[in-house]
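Assemble chains B, C and D onto chain A, guided by the hints.
4 protein chains.
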Amino acid sequence: MSTFTLPSSFGPTAPAARRTEAGLVLAQKASAMIIVMRAQATAKEIADVVARVESRGLRVNISRGEERTIIGVIGDERPVDGTQFEVMDGVEKTVPILKPFKLASREMHPADTLVPLDGMKVGSNKIAIIAGPCSVESRQQILETAFAVKEAGAIALRGGAYKPRSSPYSFQGMGEKGLELLAEAREATGLPVVTEAMSPEQVPLVARYADVIQIGARNMQNYALLNTVGESGRTVLLKRGLMSTIEELLMSAEYILAQGNSRVILCERGIRTFEKYTRNTTDINAIPVLKQMTHLPVILDPSHGTGKWEYVTAVARAAIAAGADGLIIEVHPHPEDALSDGAQSLRPEKFAQLVTEVMRIAQAVGRS
Amino acid sequence: MSTFTLPSSFGPTAPAARRTEAGLVLAQKASAMIIVMRAQATAKEIADVVARVESRGLRVNISRGEERTIIGVIGDERPVDGTQFEVMDGVEKTVPILKPFKLASREMHPADTLVPLDGMKVGSNKIAIIAGPCSVESRQQILETAFAVKEAGAIALRGGAYKPRSSPYSFQGMGEKGLELLAEAREATGLPVVTEAMSPEQVPLVARYADVIQIGARNMQNYALLNTVGESGRTVLLKRGLMSTIEELLMSAEYILAQGNSRVILCERGIRTFEKYTRNTTDINAIPVLKQMTHLPVILDPSHGTGKWEYVTAVARAAIAAGADGLIIEVHPHPEDALSDGAQSLRPEKFAQLVTEVMRIAQAVGRS
Amino acid sequence: MSTFTLPSSFGPTAPAARRTEAGLVLAQKASAMIIVMRAQATAKEIADVVARVESRGLRVNISRGEERTIIGVIGDERPVDGTQFEVMDGVEKTVPILKPFKLASREMHPADTLVPLDGMKVGSNKIAIIAGPCSVESRQQILETAFAVKEAGAIALRGGAYKPRSSPYSFQGMGEKGLELLAEAREATGLPVVTEAMSPEQVPLVARYADVIQIGARNMQNYALLNTVGESGRTVLLKRGLMSTIEELLMSAEYILAQGNSRVILCERGIRTFEKYTRNTTDINAIPVLKQMTHLPVILDPSHGTGKWEYVTAVARAAIAAGADGLIIEVHPHPEDALSDGAQSLRPEKFAQLVTEVMRIAQAVGRS
Amino acid sequence: MSTFTLPSSFGPTAPAARRTEAGLVLAQKASAMIIVMRAQATAKEIADVVARVESRGLRVNISRGEERTIIGVIGDERPVDGTQFEVMDGVEKTVPILKPFKLASREMHPADTLVPLDGMKVGSNKIAIIAGPCSVESRQQILETAFAVKEAGAIALRGGAYKPRSSPYSFQGMGEKGLELLAEAREATGLPVVTEAMSPEQVPLVARYADVIQIGARNMQNYALLNTVGESGRTVLLKRGLMSTIEELLMSAEYILAQGNSRVILCERGIRTFEKYTRNTTDINAIPVLKQMTHLPVILDPSHGTGKWEYVTAVARAAIAAGADGLIIEVHPHPEDALSDGAQSLRPEKFAQLVTEVMRIAQAVGRS
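Protein chains in written order, with my numbering: chain A, 6 to 373; chain B, 6 to 373; chain C, 6 to 373; chain D, 6 to 373.
Pulled out of the complex, with its shape left as it was, chain A reads as follows (with noise of 0.2 Å):
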């Protein structure tokens, strides 16, 4: 790849080299600690643990039980990573006292954080309802779809060019010509346009053609995808990867926020559990504990979260009356010719039912 040049801000060391100077200064206070020694600990392993917490100019505080010795490690100037202390020689476990995300903690931020789309604000009182095909497939079926949600209520139109599928032999998606169908689309209809990328190669072009950027579930850990779409400043959506925690969906705002984009829209899509009978089991827990933790706008995807068409609207309701932002949801004119996520898809008019309802619901909470 000798011939292949990136312009400069999209480089792969950039971002490594800013984002540390960027934690040097972020990460100031970020870790204190708690190192529990073991019952048997002697004091020469006490001392030594002290020593090397304070090697690194912290400072501890020494706790001396009836069965074991506890060091907190307090006034720390840079992240200090627990695992180097689990195996000095009496130390039995670490304990991180502070959360690891700041720029997305409410803590440090306590207002929300309104994301503009078209004309109105994500994270504010009025609910926002995205909507669209799991994939574009064709003029016909996005134009007819984009109108349907419009008509409906949704305020922005969902459908993806570059389609992550665990198998080779699926449907990838259109690619570019899916993007220009995409415009064509909110040019018609006026819907901003949100679709994902899945590398950071393409995100130059997705900006080209789109509203918000999607960054998809399996790839919520795809830290150059993430740094380069907090490059570009660009609005994201981000989802919560099927079996990362709370809090790993923080840090990964976090690496966007670190870039110095703020326009993170935070969506919980299902995790993956052992139940059966839904493909994914919607965390609704985690819409209220987002709302405590940070000040970023939250919404719901029941098409993912539950997998099945059925139990949409249901979900989409709860959704809403947990706190939640606003929704995403798959439409689809004929979910039985879609070729992907046919299951989970409503039928515009059920999607209008779905509007309704989740209405009712937002009044109900106190929002419109």
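There may be inaccurate statements among the hints.
No copy is singled out in the list; a pair is fine if it fits within one copy or between any two copies.
[To be verified] Listed below are the simulated DSS-like cross-link pairs for lysine-lysine, each with C-alpha atoms no more than 27 Å apart in a straight line:
no. : residue 1 : residue 2
1   : Lys98     : Lys355
2   : Lys98     : Lys182
3   : Lys131    : Lys355
4   : Lys281    : Lys313
These aren't lab readings, by the way, just hints derived from the structure by calculation. All values derive from a computational prediction rather than experimental measurement.
This is chains B, C and D only, laid out in the frame that chain A set:
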């Protein structure tokens, strides 16, 4: 318990016998199954499988694909254990087609079952809210709570006298004294009482005091206990195990129903996942799934579902929005003194606020 | 069960009472804890928490970091429920420092506990292999299996007389008749018998026939049952729940040990995960973790751990390589006729091959 | 991306196009499926489903049971998305019958694939042990480690130059400088180098320095990356995602194989479960499952599988006993100074001991 004599109908062998007979009748057409042969299966291996199926009085339907042969098993008169076939030469796997529950199935019993509880019917249009402390701790505590939750709108009082605790050193409940206090609280407030039985031998005693016998999450597959409460005829609140599928919950309900007791209320209370910010993950999907699959009423426990009082109200609203028939909520006048589950208990004033908010959601979904 | 009379020591309240007393003694120094205050906690909130800690006779160690205050709780004389503090104003979370088990802990009891089983000692240098069918089905079946597994090298015979089945329509075991057949097989072969008790009331009957009482995975947290087998004094094979943590397994062992019964063999048998190609996921990590944390012997059940006979031998070898003290294996002379678990049962000749391979591994790790 | 020029073989659209064509060929007979109709399905609903199946050039096999009709789909010439049928009226569910992978399947390619690595062949009778630090941190560190692991018996050196970290503030790796140091260590010791590429654009650079390109767990479903390493023709070490099924791992291998690159080594490295005493749960079952299902070599990473150095050796022994073709182990001369994964890194002397113990197990299973 030397003086304790179980009525003959509570014997350990009777239910087994009756279950077997019942099974023969109930399961008559219950086990259609697909047997998938390996690509390399020989004609003899296929013939052997067919012969074995037919030797059990079942019919086969053979489908020869280009790559492999698939054998459908039809018209069965008894439950067939697919795993028996999986050890035969040439068999790749078996796929059950029919759901394994019958009495609990909405297909067999389309109309909603309404479970009477004092004046009201759980499963009807009216939302049922059950509330009270995790454990009965004192006369003062349970009476104070009972009056408070009644005033706020609860229709039944919960409180544990026998507590399943993961540590043998934790408070194990007040035992029969706790049951007496619950009865006194019912006397004083008119609220029916919901309390847990942890073993078959406790059932007669608990049934003497309680209106509803709760089967806790850890006992969802305690089959001796399920049979005993089935035989007791008393209303049962069956909580989903924290590691159980929805199908397993319905199979456990089936145990109770198979004893002739159809007064069963199902309760989603959160499942165990990898997420660490909450104690459990509330499976909100389970609400529409259960309402579709079974005629039994379904309630949700957001106290255990989240494990933190800050999130209880949001998830309670979500439950009703998703179609739950009611809620069970932990309320304690002084959570900081609670002998168990303090972190997830609401103070009475917070509970009253929850009821108000939930009722607004109920109206938004056409309930009261 | 009309003629069934439990000895007074099997009553439902006695164990609770005794447990409470035991708890007060055993847990004396057991609950050091860290209370993490929120960043915004006020001086009054901190003082309130300190006052409450001290009002319980505990000491505090206050550590004021740059961002937040952390309160260590020391010198406790009883178990403290951290969740009580989590509802106080200004508290973010509590972190337990000490492990909650004591009697099961290797820290408290460094030497390996050897559990006598017939002539040998489980937990010693010699590998203990227990084998037999899932269920006792007939005299012919159990005797044939008993002779076969003895000849192959098993040191005990397993077989279920009472079977926990997720369906009420599945075979529930032969009951007492099955116990009699197991005793006959012991008589004929000299192999001690391992069989399951599913409820407290079954324990005296099972104890009359069995050398080792098995507590099944579904009953790992059936505390009434744990107390009863603890009191029985009989050797207990305690299987890990399919979604229980290692810590919970040790807490369940603690229930048995707290009744004065230290003849406890722990059994890893696979946990429930999202993986679909196997019935469960064998947690091989649990072997070295348990050997480090507890003095009790640890065996592994690769039949349930995998759910498919093709994988049983490979995982049996792995268990011994990882340090397990033994194995429990399902063997059936005709798996295709087994009334339960046919798919994961080995034929006797495959079992003999397994023993040969496992013994080679045993020698490679210095055991016999 | 206007200034961005990819060599034609690295284009974002080319792989998709080629994949589509390949898919049409490869998947020719790949998608037999069963469609289960609801009990209440009408004759018209059944006829509609049959018509739709046939309209796609597929044949049906109809099986009318007493309760419901089951439609087998046969002879397909392209992948059929079952979910399309699940939205049709009267359909309860669809069940795929054939495995979705072909090139990775042992059915299609019975003989073991041997992947050459320097002088040896991974997948042959000889156990392959790859070892080295999590991250390259300095010239001194990587050289010291390389010499130590070579002396102990490792056949390749691992070390990360680009590190996926959940925090943007953690050490992100040395980048190209790290690659240079790895190359220097290869020069000095003769050990081939295994190192990770995190994005498609890094692949050409990493390929310049590395003998084996590692795809990390977080990137197992980064399809752009999979296509790129597939096209590169370089040997790939593909780690299972911590949230991925075995089938998904094989589908990701299929992406690489579909690009014509069959030099793929699969690596089990632990999955995420609810267990808290270990960082991950090593899925030891995956070893015999993968050895049965695929012809590709399979190794295990006990460092990530356990997350704690104390457990690494026991699980390494287990892996070889279960049939793994090799191991990848984190070794660091001073784990307490490691910039990442210190807690799970072995000191060189412990690693040498591990190799000795593992080799004894290898002999016990007839390998060397």
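Each hint, compared with the structure:
Taking the shortest alpha-carbon separations for Lys98 and Lys355, only the inter-copy value of 20 Å comes in at or below 27 Å, while the best intra-copy value is 53 Å. In this assembly of identical chains, the alpha carbons of Lys98 and Lys182 never lie at most 27 Å apart, being 54 Å within a copy and 33 Å across copies at closest. Taking CA atoms no more than 27 Å apart as the test, Lys131 paired with Lys355 passes in both settings, with 21 Å inside one copy and 26 Å between copies. Taking the closest pair of Cα atoms, Lys281 and Lys313 come within 27 Å of each other both inside a single copy (12 Å) and across two copies (20 Å).
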